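Protein chains: 2
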Amino acid sequence: MTKARFDVDPWTVSISDVRPESLAHEESVFGLSNGHLGWRGNLDEGDPRGVAGSYLNGVFEEHPMPYAEDAYGYPEVGQSVINVQNGQIIRMLVDDEPFDIETGELSSHDRRLDLRDGTLHRSFEWTSPTGRRVRVESTRVVSLSRRAIAAVRYSVEAVEHAVDITVISELLANEPVPVEHDDPRVQDLLTRPLVTVETDAVGSRATLLHRTRRSGLAVATTMDHEVDAPGYRLVTEAEDDGARTTIRARLDPGERLVIVKYVGHDFEESRASATVRARAETAVTAAMADGWDRLLAEQREVLDDYWRCADVIVEGEPRLQQAVRYALFQVFQSAARAELRSVPGKGLTGAGYEGHTFWDFEAFVLPVLTSTAPDAARQALLWRHSTLPHARDRAAQLHLAGAAFAWRTIDGRESSGYWPASTAAFHINADIAAAVLHYVRATGDVEFEREYGLEILVETARLWVSLGRRDADGTFHIDGVTGPDEYSAIANDNVFTNLMAQLNLRAAADAARRHPERCEDLGVGADEIDEWTATAAAMHIPFDADLGIHPQSAGYTQLERWDFDATGIDQYLLHDHFPYFDLYRKQVLKQADLVLAMHFAHEAFTPEQKIRNFEYYEALTVRDSSLSAAPQAVIAAEVHQLELAYDYLAEVATIDLDDAHGNTHEGLHVAALAGVWTVIVAGFGGMRDTADGLRFAPRLPPRLTRLGFGIRVHGETLRLDVSASETTYRYSGDEPLKLLHFDQAITVGTDEVTAQTPSPPVPRSRPQQPRHRAPRSAFETDGS
Amino acid sequence: MTKARFDVDPWTVSISDVRPESLAHEESVFGLSNGHLGWRGNLDEGDPRGVAGSYLNGVFEEHPMPYAEDAYGYPEVGQSVINVQNGQIIRMLVDDEPFDIETGELSSHDRRLDLRDGTLHRSFEWTSPTGRRVRVESTRVVSLSRRAIAAVRYSVEAVEHAVDITVISELLANEPVPVEHDDPRVQDLLTRPLVTVETDAVGSRATLLHRTRRSGLAVATTMDHEVDAPGYRLVTEAEDDGARTTIRARLDPGERLVIVKYVGHDFEESRASATVRARAETAVTAAMADGWDRLLAEQREVLDDYWRCADVIVEGEPRLQQAVRYALFQVFQSAARAELRSVPGKGLTGAGYEGHTFWDFEAFVLPVLTSTAPDAARQALLWRHSTLPHARDRAAQLHLAGAAFAWRTIDGRESSGYWPASTAAFHINADIAAAVLHYVRATGDVEFEREYGLEILVETARLWVSLGRRDADGTFHIDGVTGPDEYSAIANDNVFTNLMAQLNLRAAADAARRHPERCEDLGVGADEIDEWTATAAAMHIPFDADLGIHPQSAGYTQLERWDFDATGIDQYLLHDHFPYFDLYRKQVLKQADLVLAMHFAHEAFTPEQKIRNFEYYEALTVRDSSLSAAPQAVIAAEVHQLELAYDYLAEVATIDLDDAHGNTHEGLHVAALAGVWTVIVAGFGGMRDTADGLRFAPRLPPRLTRLGFGIRVHGETLRLDVSASETTYRYSGDEPLKLLHFDQAITVGTDEVTAQTPSPPVPRSRPQQPRHRAPRSAFETDGS
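Residue numbers (my numbering), protein chains in the order written: chain A, 1 to 784; chain B, 1 to 784.
Just chain A, same shape as in the assembly (with noise of 0.2 Å):
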């Protein structure tokens, strides 16, 4: 591990460099959003830049699906996240000299993320080829409070000569992106997607109104400007792809420029729509009377509440405490008003997996969202109800019964182009309704449960039961499906799988039974209840008894075992140099699967099941995918490897601000962000759900001294402060809660709860990796 790329601080990420290819990552650590409208990190002049990006969750066009050689039940039509008109740009001349980072001279430049304000924040000090020095700062905010929002102040201030001081503030449509899609039809596509529908410039303010060719849609960007200034002139021009506002003055030294810019964004489903317009206009009317001051008030209200009950404190390792604090603000930004729309892979932070979103946003993502931002998560699972039309539309044409939902989408459509990693990876319908259970469980929403989450619960049990099958002995089997393990596929009997399938078939069954009323409108009587409860019994979990072990899917443990030792460290990550043909049939996991199962099904392990299974896949685990190290850490803890949980999570907390993937530049691996939260709470907060509540084991591996970290649990929160010898546990409800540590009952009242960490049992070697495949220990080279 080198030595960590931005500033050690607990509250901030900043850097004081500034070089051309190093941008693209930077722009993506940078990244603000609110979950509807996300702005990467690009400089405020937009040039130079690694990838323009400006998103509006749910703004994407259509394109063709291209096969070698089609087949029944391919999705025909992909769709792809673009950018909207980009409204962050403000260019500066000082006396006629463009600014730019790579000419004239930059005697400092500094970049801060605020993670308490919501800001980013940026200045430098500038002299122009021609010796004419500025003093700039700007800040930067995507609002929280109103979606549709994004402003900018920028500032110049004129040091030692007098100057002229030309700002452009620009909106500006189909920027050049970096190609991505090697085939032309989809390239046109994405090329220029946008198509001009309408301009306006009225003194300080523009709108470009915009549609998409295929998908549909109206898009609508509308900027305005405060500006403070001696005597500056103000014009503001508008043209198809662009429209900019241009305010000169001339400043003597000392005096400043001030701009206040306010975007607003929106879309609608309608290709031609004048109400889009109204409302993007609408909102910066809006923001602009209230004021950049309460803009930033406002933002910092929300994180306040926010980091409330969600902050982590840790001690011991300044590095890790900087990077859970980004992990949680980031996983927040990315859905924090999605409302109804997908929360994608990487966020709004990059165009990455082309905006869609996977099942590691239920799977990952909602639970942290459950615990520190239940609202969010109810969003969000909102918009996975509304996709429901879609996900019978695709069971039916997979002849099966209830819901499939899509393993990969923007707006609920299956956009999967590779069947074998996406289709046959049901899964996911467990993952969802286990989001739905744990949700409902960590806030009582019972109105949620009824209206929404058993309707998700009741067509993702309808579809296990098609799915699979009895055998003559009465077993339930699910054949040839994927479990989370992307170097395996179409296999019989996956425990992940099937264990997720069972408490979806439970849950479904248990909700059903709390909500008779609602049964009627789903046509579900009694006896279909009784049979998911039956097929949840009948489960078949296939159990290696000469290993000791959970085959990962039945007869998993009888492949052939990759050769670990005759792959050499430039041979990974795996699918870029071998064939799926070869790694399907071999033992060798990109990623956590059986080990995931103990996590998300942990009650249907031993403990000395978990140790044994933990061992031998840990073994087989190459850790190809960004969404391994925290399963296995989360386990790795249970199983009382706390040094190797710690590598594990370093691994994870370090991911996007180290780009430790080298991929950042495509936006934040949100769901590994995500995991980092989970090792903590999960891995050594020991937190596991039941349905008799929360059961907590909390033990710190060797390098940290304290941990501490809330959780919502029925709108109030739970505090856990964790020492090496002793946890205390403070909640703010008035009704006590009831809860386990490790193995002990305790009810935290009013007043705090101190509770002893019992001896740990005696160690056990640490497991191995395969060979090149350890984790490094990322914060040695950079401790405090």
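One copy or two, it doesn't matter: identical chains are merged, so the pair holds either way.
In silico lysine to any residue, SDA-like type, Cα no more than 25 Å apart, as pairs:
(1) Lys586 to Arg470
(2) Lys586 to Ile541
(3) Lys586 to Phe543
(4) Lys738 to Thr443
(5) Lys586 to Thr535
(6) Lys586 to Pro542
Don't read these hints as lab results, they were simulated from the structure.
The structure presented is a predicted model; accordingly, all values stated were derived computationally and were not measured.
Given the structure of chain A, go ahead and fit chain B onto it with the hints provided.
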């Protein structure tokens, strides 16, 4: 089964109506080819037409292969057969009224394919819209003796009135063909695939020289004309994409205009070549010098020689007599002069499957050629040998030893776009090895074995050793592969694959021991030979002892059975209505797999196993592949289900003549046509190839009174004449031939030998097929 489309005759296939909507089918049926050059049976005048088709074996265009989600090892370049310059076209005008079957009055129109002459005849009498009547005859030949040459004799006779006759004979490049690709990159390359290099017109001769845009081929076509008519005038012109010779004459009633058009085609793997043009012109010059009658005589000579051995006599069903000769004619045509080029799945009769060759050439077609046209078989194996460099590259890409031959290709490079049904179908390598083994056994061609065959056997044996693995008990397994059945994929220990690999390993070891001097060149030592033998001996062949049958692959009999009763007749073909996901995980077969293994590896099964296996898989096989009925028939015959075998034979025999699959317009099903011979010879004749020679077990199905067929054995002809009670064997060789008649050893010397048919066993009930998928009794409604 409906009435036969074509007139039933033992040696011709003819039809006396002509309708635009039927042309596409008839063009394939009337396709003429010599394996190097193929002309679909388009009408002389080119319009109307179903699909224009003029193919040179090896002339194709390359194009990008599109993938919605790309991965390691996916082929990047696809290949598609394209039309070369069309030399078929002869348009006629009567008093300047263009002849067209859809205008004027066609009082007769007959087309006749003659299977002994190797010619396509056409005659019609037409009255123009202005009342002028002509009688036209055309005869078309694609020369089996001169691979570059096709020719047409076109004769027009004035009836009743004097008329001005204009005949326009053309060469035409880049004719419109049906849109096949929805990827516009591919479509672009294939829409106008030929770029003009040069054109030339002198006297009655014209030449077009084109090149392909990406694949880098130079393609030349020359035409020249002999004309016989009173006072005719002739002019020839050429432009970029066409050339035409216009011949005008005034004919009194009873006078004729007779034109013989000679067309020479050639190509070369070089973009601009003078020699390719010279070769096309020289071929025409030579053909013209020898003349039309000589061309016809040569054609008849080649075919007489072919039929002398190959002819099959059927008594009892005239439609079958015609069909088997038609099938043999087309199989012969597809490969006769292919000479170091692949033989496409459709021969040169259509652009279906993009002109690719597949495993079924070696598995289905080559055995027929080996027994009837061994020189063509040798050439085809030499082609595979020539692709060894590509096959070694592919093996290396897959991290395997030896050679992995292309699943689908024109020039030897892998061009398949769906790996579970291509890359994973490694059995093609053993199918090729088996074809080598059978060719050498049948011909005694030791020089071929030493110089070429051994290298194929060695490289494929190496592949198997690296592809499989030994388990702890030393048993050899081949995991994660796909057998012949395309409704299953990625399974362990596919019995067909393992048995064929075993045969491959043994054949390699035997051949290597026979040619120690070549082993040194190939780096084969005694240890490696021993390893092949040991690996073959250790090969795992799964067997389900409970059911007493072989599972298609390990665990197959434990899979869920397809719900045939719930599957409607309109849901076939299943792959058009169900996802691979569901087909793969259930017991349902598209085509014979284990049943095919019982033919190709017949010594690995006891008679009792054959009966039980056949009955088991009959109930699961839906025959959605044209490759299925013939192997089912062969084993049906072996297990004494002669009526069932006959029904399958009827189905195969009429596949193209009756357009039974509705896709004959894309080209003939050459492997299925080969299956007609295979059912007669290996099914009713019971022929099996063993290390100790041939075995026969001839039994007639109840509807036939006699069968006769011939086999090339070591360059000589063995003919069988089978009646219900006995079989007479005749052999043309000087050395007596030892063989088995049932279990009776007989020796056929200069005198014929007649042997009795043993009494049949007690009949078992007819096996059941899935609902809606029993074979139709093909000849029922049209028995003679």
